[in-house]
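Protein chains in written order, with this note's numbering: chain P, 1 to 148; chain L, 1 to 148; chain X, 1 to 78; chain U, 1 to 78.
Heads up, some of the hints might be wrong.
[Stated by the list, open to error] Here are the computed lysine-lysine pairs in the BS3-like style, where the Cα-Cα straight-line distance is at most 27 Å:
no., chain 1, residue 1, chain 2, residue 2
1, U, Lys41, U, Lys2
2, P, Lys31, L, Lys126
3, L, Lys134, P, Lys31
4, L, Lys96, L, Lys9
5, P, Lys96, L, Lys52
6, L, Lys126, P, Lys96
7, X, Lys6, P, Lys8
8, L, Lys9, P, Lys134
9, X, Lys6, P, Lys126
10, P, Lys8, P, Lys134
11, P, Lys96, P, Lys20
12, X, Lys2, X, Lys35
13, P, Lys52, P, Lys31
14, P, Lys52, P, Lys112
15, P, Lys31, P, Lys128
16, L, Lys112, P, Lys134
17, P, Lys134, P, Lys31
18, L, Lys96, L, Lys52
19, L, Lys52, P, Lys112
20, L, Lys20, P, Lys20
21, L, Lys126, P, Lys112
22, P, Lys112, L, Lys20
23, L, Lys134, U, Lys2
24, X, Lys35, X, Lys6
25, P, Lys128, L, Lys9
26, L, Lys134, L, Lys9
27, U, Lys6, L, Lys128
28, P, Lys31, P, Lys8
29, L, Lys52, L, Lys126
30, L, Lys128, P, Lys20
31, L, Lys134, L, Lys8
32, P, Lys52, X, Lys35
33, L, Lys112, P, Lys128
34, U, Lys6, L, Lys8
35, P, Lys126, L, Lys31
36, P, Lys134, X, Lys2
37, P, Lys31, L, Lys31
38, L, Lys20, U, Lys35
39, L, Lys8, P, Lys31
Just so you know, the hints here were simulated from the structure itself, not pulled from any lab data.
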Amino acid sequence: MSEKKKPKKVFVSGSISPEKIATSIANHQVKTNIGAHSIFLGQVRADEIDGKTVTAIDYSAYEEMAEQKFYEIREAAFDQFDLTCMHIYHSLGEVKSGEICLFIFTSSAHRKEAIEACNFLVEEIKAKVPIFGKELFEDETHQWKVNR
Amino acid sequence: MSEKKKPKKVFVSGSISPEKIATSIANHQVKTNIGAHSIFLGQVRADEIDGKTVTAIDYSAYEEMAEQKFYEIREAAFDQFDLTCMHIYHSLGEVKSGEICLFIFTSSAHRKEAIEACNFLVEEIKAKVPIFGKELFEDETHQWKVNR
Amino acid sequence: MKVTVKYFGAIAEQAGLHEEAIELSEIGTSLGDLKTHCIQKYQLDDDALQIAINQQIGTVNTLNDGDEIAFLPPFAGG
Amino acid sequence: MKVTVKYFGAIAEQAGLHEEAIELSEIGTSLGDLKTHCIQKYQLDDDALQIAINQQIGTVNTLNDGDEIAFLPPFAGG
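The task is simple: from the sequences and hints, build the whole structure.
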C-alpha cells in the first residue's frame, strides 16, 4: 500500500480556519508535479426556518464507521483519478454560521482529474458518511439537518 | 447593473500567495447565506521537456482584451449560475514552479452552483482569454506554453 | 445472545440514550425483530432510518452475539 | 489609412517587435491582405494563429482607419 493511501484523520474539533487551508496549500508548493488544485469548502448557512435563524450547527458522527467510509471513499478516488494528493477535513462539534465545516482538497498534474475527484468526494461524503448536524437557533431550540 | 457585476481587476503581479487565498476565504465568513465555496488553483509545474526542467513561467497578456474577456466570462457565469460571489485572479510576470498563477473562487448557497460555475470559469478562461506563457528552463532557454 | 445498539442524532434524541446492550433471546435474532422492538420501545421515527450492522449498511439480516447495531437518521455531512 | 498591429508571445518573438503602425494603401484593406503581408514580412508561424480586430476575434474582414489588429499565438492562461 502506498504512503498516500494510509488512513488519515479527517475529523477536526470545531470549525476549519482559513489559515489551516492556506497552510495546506502552501505545503503543496514543493510538489512541482502538481498543475491543478481543486478545493471544496462547506460553510454553515444562517438559514431562516419558521422565523428563526440558524446560529450554528453542532456536528456529531458515528465516528468508527465514518472513518471507515472516509477511507473507502479515499481509496475509490485514488483508484478512479490520477491524483497527486487528497485531503479531507470535517468538523465535529459546534461550527457557527459563516464558518467552514468541510474542506476537500485534491491535486493533480492536470485540472480535469483534480476537479472530477473533488466533485466525486463531495457527493460521496454527503451520501455515505454517517455525520449528523443539529441546527441551533438563537432561542436555543434546534432541528436536525438533512442533506439534499 | 448590480454591484457584484462591475469589472474587477484580475491580473496580479507575480505569484498568488496562500495567504491571499486565506484572506479571500476569511472575507466571506460574514456572508452567512453562503453554503458552499468552490476553488480552483493553477500551479506552475516543473515539467521536464527534452531533458530540461521548467523553473518558471513568465506570463504576458493582451491586457485590454483579456480584461474584456474576463468581464464577459464573469457576466455569463452570473447569468448561468446562482452565485453569491465570484473572484478571479491571474498572474502576470514570472511565477516559479510550485507557485500559484490562477485563483478562481465561486460561492453559492448550494454546492452544485458553486462547483459548476467554477468549472465553467476554468474552461472559459483557458479557451478565451489571451494570456501567453513563456516556460523558462534552468539554462535560460525557453519555450512557449500551449493550453491543452 | 447480546448485541450493542447505538443511536445517533435525531434518533438518539427520540430514544433518550446513545447506547444500550440488548439481550436478543426474548426479541428474536433477526435485524427485523430488533428494529421492530426498538422502534416500538422508543416510538422512533423510521422514516429515512438506516441501520448499520458492525458499521456496514447492507443486506445482512441475521444477528450474532456481540454485534454492533447502529440506528442512523439522515446524513448531514458537509 | 493606417492601423496599429500588435504582436504577442511567440509571435512577438518571431516578429522581433510588439507593435507597429502599418499604412494599408499599398497592402490592401482587408484583414486577409494585412495577415499575408505580416506573415511574409516576419515569416510568422501561422499555425494556430488567431487575429483580433479591436479586441474581437471574429468574422470581420474589412479594416478601418485606426483599427487595432492583434496577432495572437495559442493561449496559455491558467
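Comparing the hints with the structure gives:
About 17 Å separates the Cα atoms of U/Lys41 and U/Lys2, which keeps this hinted pair within 27 Å; it holds. Taking the CA atoms of P/Lys31 and L/Lys126, the gap is near 23 Å; set against the 27 Å cutoff, the hint holds. Taken as a hint, the L/Lys134 and P/Lys31 pair is honoured in the structure, with Cα atoms around 21 Å apart against an allowance of 27 Å. In summary, the hint linking L/Lys96 to L/Lys9 is supported, as the alpha carbons are separated by about 22 Å, within the 27 Å threshold.
At roughly 50 Å between alpha-carbon atoms, P/Lys96 and L/Lys52 are farther apart than 27 Å, so this suggested pair is violated. At most 27 Å may separate the alpha-carbon atoms for a hinted pair to count; L/Lys126 and P/Lys96 exceed this at roughly 37 Å. Using a Cα cut-off of 27 Å, the hinted pair X/Lys6 and P/Lys8 holds, with the two alpha carbons roughly 25 Å apart. Pair hint L/Lys9 plus P/Lys134 does not hold up; C-alpha atoms about 40 Å apart against a cutoff of 27 Å.
Simply put, X/Lys6 and P/Lys126 have alpha-carbon atoms about 21 Å apart, close enough for the 27 Å limit, and the pair holds. At roughly 25 Å between alpha-carbon atoms, P/Lys8 and P/Lys134 fall within 27 Å of each other, so this suggested pair holds. Between P/Lys96 and P/Lys20, the direct Cα distance comes to roughly 17 Å. Compliance with the 27 Å bound is thereby established for this hinted pair. Restraint check: the Cα-Cα separation between X/Lys2 and X/Lys35 comes to about 15 Å, which is no more than 27 Å; the hinted pair holds.
Of the supplied pair hints, the one linking P/Lys52 and P/Lys31 is violated, its CA atoms being roughly 47 Å apart against a limit of 27 Å. A C-alpha spacing of about 41 Å is found between P/Lys52 and P/Lys112, which places the hinted pair above 27 Å, so the restraint is violated. Distance restraint check for P/Lys31 and P/Lys128: the Cα-Cα separation of roughly 31 Å exceeds the 27 Å cut-off, and the hinted pair is therefore not satisfied. With a C-alpha separation of about 23 Å, the suggested pairing of L/Lys112 with P/Lys134 holds against the 27 Å cut-off.
Restraint check for P/Lys134 and P/Lys31: the C-alpha separation of about 39 Å exceeds 27 Å, so the hint is violated. Using a Cα cut-off of 27 Å, the hinted pair L/Lys96 and L/Lys52 holds, with the two alpha carbons roughly 15 Å apart. A threshold of 27 Å between alpha carbons decides the hint, and for L/Lys52 with P/Lys112 the separation of about 26 Å falls inside it, so the pair holds. The hinted pair formed by L/Lys20 and P/Lys20 meets the criterion: a straight-line CA distance of about 13 Å does not exceed 27 Å.
Restraint check: the Cα-Cα separation between L/Lys126 and P/Lys112 comes to about 13 Å, which is no more than 27 Å; the hinted pair holds. For the given pair, P/Lys112 sits about 24 Å from L/Lys20 by alpha-carbon distance, which is consistent with the 27 Å threshold. The straight-line distance between the Cα atoms of L/Lys134 and U/Lys2 is roughly 31 Å, outside the 27 Å bound, and the hint therefore fails. Taken as a hint, the X/Lys35 and X/Lys6 pair is honoured in the structure, with Cα atoms around 12 Å apart against an allowance of 27 Å.
The suggested pairing of P/Lys128 with L/Lys9 is violated, with an alpha-carbon distance near 41 Å, which exceeds 27 Å. For the hint linking L/Lys134 to L/Lys9, the alpha-carbon distance of about 22 Å falls within 27 Å, and the restraint holds. Distance restraint check for U/Lys6 and L/Lys128: the Cα-Cα separation of roughly 18 Å lies within the 27 Å cut-off, and the hinted pair is therefore satisfied. Restraint check for P/Lys31 and P/Lys8: the C-alpha separation of about 19 Å stays at or below 27 Å, so the hint holds.
For the suggested pair L/Lys52 and L/Lys126, the alpha carbons sit about 25 Å apart, so the restraint of at most 27 Å is met. Between L/Lys128 and P/Lys20 the CA atoms are separated by roughly 34 Å; this puts the pair beyond 27 Å, and the hint is violated. Between the alpha carbons of L/Lys134 and L/Lys8 the distance comes to roughly 25 Å, so the proposed pair stays at or under 27 Å and holds. Taken as a hint, the P/Lys52 and X/Lys35 pair is broken in the structure, with Cα atoms around 35 Å apart against an allowance of 27 Å.
A distance of roughly 18 Å separates the Cα atoms of L/Lys112 and P/Lys128; the hinted pair therefore holds under the 27 Å criterion. Restraint check: the Cα-Cα separation between U/Lys6 and L/Lys8 comes to about 25 Å, which is no more than 27 Å; the hinted pair holds. Restraint check for P/Lys126 and L/Lys31: satisfied, since their Cα atoms lie roughly 23 Å apart, inside the 27 Å limit. With a C-alpha separation of about 31 Å, the suggested pair P/Lys134 and X/Lys2 falls outside the 27 Å cut-off, and the hint is violated.
As the CA atoms of P/Lys31 and L/Lys31 are separated by approximately 33 Å, the hinted pair breaks the 27 Å bound. As the CA atoms of L/Lys20 and U/Lys35 are separated by approximately 42 Å, the hinted pair breaks the 27 Å bound. Note on L/Lys8 and P/Lys31: the hinted pairing is violated, with a Cα-Cα distance of about 31 Å set against a maximum of 27 Å.
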